[in-house]
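Chains as they are written, first to last, in my numbering: chain A, 1312 to 1382; chain B, 1401 to 1651.
These aren't lab readings, by the way, just hints derived from the structure by calculation. None of the values given here were measured: they were computed from a predicted structure. Backbone N, C-alpha and C fix where the C-beta goes; we use that ideal spot for every residue, glycine too. Hints may be right or wrong, so weigh each one.
To be verified - Sample of chain B residues at the chain A side, in silico, Cβ under 8 Å:
| hint | residue |
| --- | --- |
| 1 | Ala1453 |
| 2 | Leu1482 |
| 3 | Arg1485 |
| 4 | Ser1502 |
| 5 | Gly1520 |
| 6 | Gly1541 |
| 7 | Met1543 |
| 8 | Gly1544 |
| 9 | Met1622 |
| 10 | Gly1626 |
Listed below are the residues making up each chain.
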Amino acid sequence: MAQSLAMGGYAGYLFTAYGVTALVVVGNIIAARRRFRRTKQRLRDQLARRAGVPLPGDKERGRGPTVGREA
Amino acid sequence: MWTWFFRLASPPHFYALAGKLSWWLLIPALILVVIGTWGGLVLAPPDYQQGDAFRIIYVHVPSAYLSMMIYVTMALAGAIGLIWRIKIAHAVAASCASIGASFTFAALVTGAVWGKPMWGTYWEWDPRLTSELILLFLYFGYMGLRGAFDDVNQADRASAILAIAGVVNIPIIHFSVVWWASLHQGPTLSKLEVPSISGAMLWPLLTMILAFTLFFLGILAMRVRGEVLEREFQARWAQDVLRGASPVSAN
């Protein structure tokens, strides 16, 4: 078992390669989820500000959407 | 079929579909990653020349393949957006860049730690390595260019042109090991020939390539949703979604 874990002396290289790839995979999931949530929150805040009423339960609509994409 | 296609180009339908799809792609992808990793690290026999170090292939090749496949997807989506003025195509292109850059990084790092025991060096200015590094810079350039515009339509057009021009690098990466005397080993898989790898080593590789492809599509679906929502912010359906309604019934 220990012998197979040593991977013929290449365990360190293998661990690094698989580790970095795992970080990239997990990082992609976290980054994509976080970005989506933040975008949604930012747009919700914009919508609330525009309507002048707090969300949720806001029934007002179409209050002159003249502003473009805000940074 | 055509109705389905046109529906797909409609932002609320696309948004709803991408939402359903993302985890349906990511979960099978992650299961396949586990199977492929087990097959690659445990079941596949050591290579007769490279010993156990060859097992890096199971993360290196899928990452490198994705790095190029994502770039082509990004350029194609940009071209479709440019030619047919399909907004969703631009949203897809914009969502590709960071995913592609991350897998280019993975391909470079896994390649470097494979290079050290096999070639005696982490890095060499070899055609394959250099062109892959240029790919990483192309992704960075694409993202930087997008960020330089306040207007999303201008950003879409300019970045699409950069992406299309950069496609020239893809065949250079792919054929670099054939065209030039390279330190990098030749292709393991080829569409036209029988693979130069035995079955026990091959199936984990194919499993990982499939897994990474599904993974990319799942992450892409997740990212495109945010892009579409942001771009469609002025539309009634998007505002309804932000208020908690379902995107399709809201339309």
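Against the structure, the hints:
no. : hint    : in the structure
1   : Ala1453 : holds (4 Å)
2   : Leu1482 : violated (19 Å)
3   : Arg1485 : violated (18 Å)
4   : Ser1502 : holds (5 Å)
5   : Gly1520 : violated (13 Å)
6   : Gly1541 : violated (20 Å)
7   : Met1543 : violated (13 Å)
8   : Gly1544 : violated (16 Å)
9   : Met1622 : holds (4 Å)
10  : Gly1626 : holds (4 Å)
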